[in-house]
Each structure stands twice: as structure tokens, then as C-alpha cells.
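Participant: Residue numbers (my numbering), protein chains in the order written: chain A, 11 to 147; chain B, 11 to 147; chain C, 11 to 147.
Please note: incorrect hints may appear among the correct ones.
The calculated DSS-like cross-link candidates involving lysine-lysine, where the alpha carbons are at most 30 Å apart (straight line), are [stated by the list, open to error]:
1. C/Lys116 - C/Lys84
2. B/Lys116 - A/Lys84
3. B/Lys84 - B/Lys116
4. A/Lys84 - B/Lys84
5. B/Lys84 - C/Lys58
6. B/Lys116 - B/Lys98
By construction, these hints were calculated from the structure, which means they are not laboratory data. Every value quoted in this text rests on a predicted model; they were computed, and no experiment measured them.
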Amino acid sequence: MDEPINLVLFSGTDDKLQAAAVMTAGAAALGRRVNIFLQYWALDAFRKDRIATGRGLSAEAGEAGAALVAAAAKAGQSPWHETLRQAKELGEVDIQACSLSMDVLKIEEDDLDPLVDGVEGVTAFYINAGDGHIVFI
Amino acid sequence: MDEPINLVLFSGTDDKLQAAAVMTAGAAALGRRVNIFLQYWALDAFRKDRIATGRGLSAEAGEAGAALVAAAAKAGQSPWHETLRQAKELGEVDIQACSLSMDVLKIEEDDLDPLVDGVEGVTAFYINAGDGHIVFI
Amino acid sequence: MDEPINLVLFSGTDDKLQAAAVMTAGAAALGRRVNIFLQYWALDAFRKDRIATGRGLSAEAGEAGAALVAAAAKAGQSPWHETLRQAKELGEVDIQACSLSMDVLKIEEDDLDPLVDGVEGVTAFYINAGDGHIVFI
């Protein structure tokens, strides 16, 4: 239990990011370190000019699912980036952008929200992950 | 190998649920405990009034993929909920609904199929997961 | 760190396969064994007559995302199957097709690209995985 939880975030839809944020907050509440590695569409979601913009849900959500998620937000559920911000205040959460995805999406470090702590390659990710779980979301 | 396998099910499409059911059955056949944690659309798939209803496939399946999956079902492949039921008879499989997703989707414990053993929060999930793998599907 | 990294590939879109290939190459570069288990649409992507054909991206990529990925390919980014081929030359990477998915998709071993080393069931996958991470992509 001393090893970090390592989340590779690939998807950038609001529902998957919310699931990832909840898993991060839960681990942080238990005093476990969390490393987050941002790839592709999840990385795109952390652009500072887009982080507060809704990005839609998984295709399978459908209209009924979207209405329920919207109602939960209206009823006061924190958006995923708020939950992550709180988790960072509460515990040890490190968020790194995948350098290769930065290249593909033509994103510069300056474009990213301050939630992101830096940029690294996949080998650095593995080294920081140690023997902890790797969860791909 | 004494640690449980822990599956976080997020997607509720028939193909992903089938993949999850097969991983559960395989682990149970090897005598390993399996903890399943249901979030979002996977949770919705376990409503007792919907569990036997086909929910469609991942968007990428396409028409050709859908026809193959339908043919396999017709040829006698068990649906995912049957595979899970058998795995529960065979081994130690615990299925918990994520309390936060219950709130978002306005699902009550009574709405869920008896396959689901209870409702818990994400910290309880981590504690039960111990040092076992966490796999997000 | 002596345990293998075990990737269960389910999705067959170019972006997810690229993410999987990068994780494989990174692990191989660090001298870690990688076991890959191909299910459903990822298995379909390894058919020898389709492996070099673009298969599209996750639905969430959108037009803007697709244009960026296409530009990266044009600028010389290796396709995922090339990255995997290089990873196999560099390190110990074993790629197995899931026997159940072979049945569902009516694929014969002869239909698969030589990148695939064999066919196995889910229990064999677990046994080879040992205590290593299991990552579902």
C-alpha cells in the first residue's frame, strides 16, 4: 500500500474524467500518492482555455444519461477539475503531460492549466510508477 | 497471487461487459477473488429491469462487428450477465455499486439486479482491493 | 519490477493502439517483459490484411483531433504496428490472441499478422501475467 496509484488518462470526456477524479480523490483521502499521466484527449482537456468547458460524454451515455449527468452538475456535483484540485490540496497528486501526446496535439507547456505539474516521457512515467498499480482510463 | 483482482467497470456496452465477464470467470476459475466496482454506464446496465436487454456495442464495432457478435450470441455464447452469474457460483466474486454513481444516475439499491451485492464508496473499494490489480474497463 | 507488464487490448482505434504501442515500447526500453492479450476490436486490427489500414479514431477525437493525428503521421510519426515491431526487436514482447474473441470474430490463426505469437485463453493469460500489472486499453 506504500506504492503510488498511477493513472494513465487517455479519454477526455466529462464522465471518464469524473471517474478518474473520484479515484484520485479516494486514493488521496487514504494517504496514497497518485501519479497521473495525460495522453491524447485527456491531455487536450487540461488546456487552460478549455478546462472549464464541458467536453461531452462517452457516446454510450445517450440523451437520458446526459440529462442525468447535467442534473447532477446543477444539483451541485463538483466538476472533475475541481475534484482534482481538491485532491491535490488534500494529498500528494502529481500530474504529468505525455511528451509524445504534446507533440501530436501541438500543445505547449504554456497552454496547460496549472493543475499540470510538468511534461515527461513514458519511461519516466514507468520509473515514477514503481511497483504501484497502473490504471488506464 | 493471493490478492484479489479488482475490476472497475465504467462502460455498459455489451462487448466491454462481455470482456469483463470473461476476465472475471477466468480469475474465478483460477481460485482468485474478484471485486467488481460499478460506475456510470456499467452500473446502469445492472438495473434489474434492463440487465437482459441488449445495450449495443462500442461505437467502433461497426455494422460488420455487430453482425459477428449477434451471430455468436445466436450460436449459443452466454450473455455477459450469465457468465458473471456462473462465475459467482464458481468462485468468490463480489459486485459493489459505486455510491456516487448511484446518486448521479438516481438509482436505488432496489433497482439493481441481485447480482449486485451492495453499495460502497471509492475508499471502501480501495481498502477491499488491497494490493491486488486494479483494472478499469 | 521483475514482473511483466500485461496489456489487455480491447479497442482497435488508431489512437488507443498508438497509446498501447508507446506503453509497450517504453516498458521494453526499460528491459521489462510485456505480455499483450488481444480481444475484440484490437484483435481485428491485427488481421494481416488490415493491419496497415487506418481504422479511425475514438469518437471523441472529432475533426480537429483527427486532423492533428493525420498531420503527425505525415510528419513522420511511426504507425502503432511499426512501433510494436520495433519494441519486439528491442525487448521481450509476447502478443497473444484471445481464443474466445477469435471465435466471436471468426478469425483463424492464419489470418493474423506475424506480430501475433499465438492464441491462448484467459486463464493462460492470467498465469503468464503473474504478479505483474494488468492494464486494459
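Participant: List in ascending order the numbers of the hints, as given earlier, that are violated by the structure.
Facilitator: Failing hints, ascending: 1, 3 and 4.
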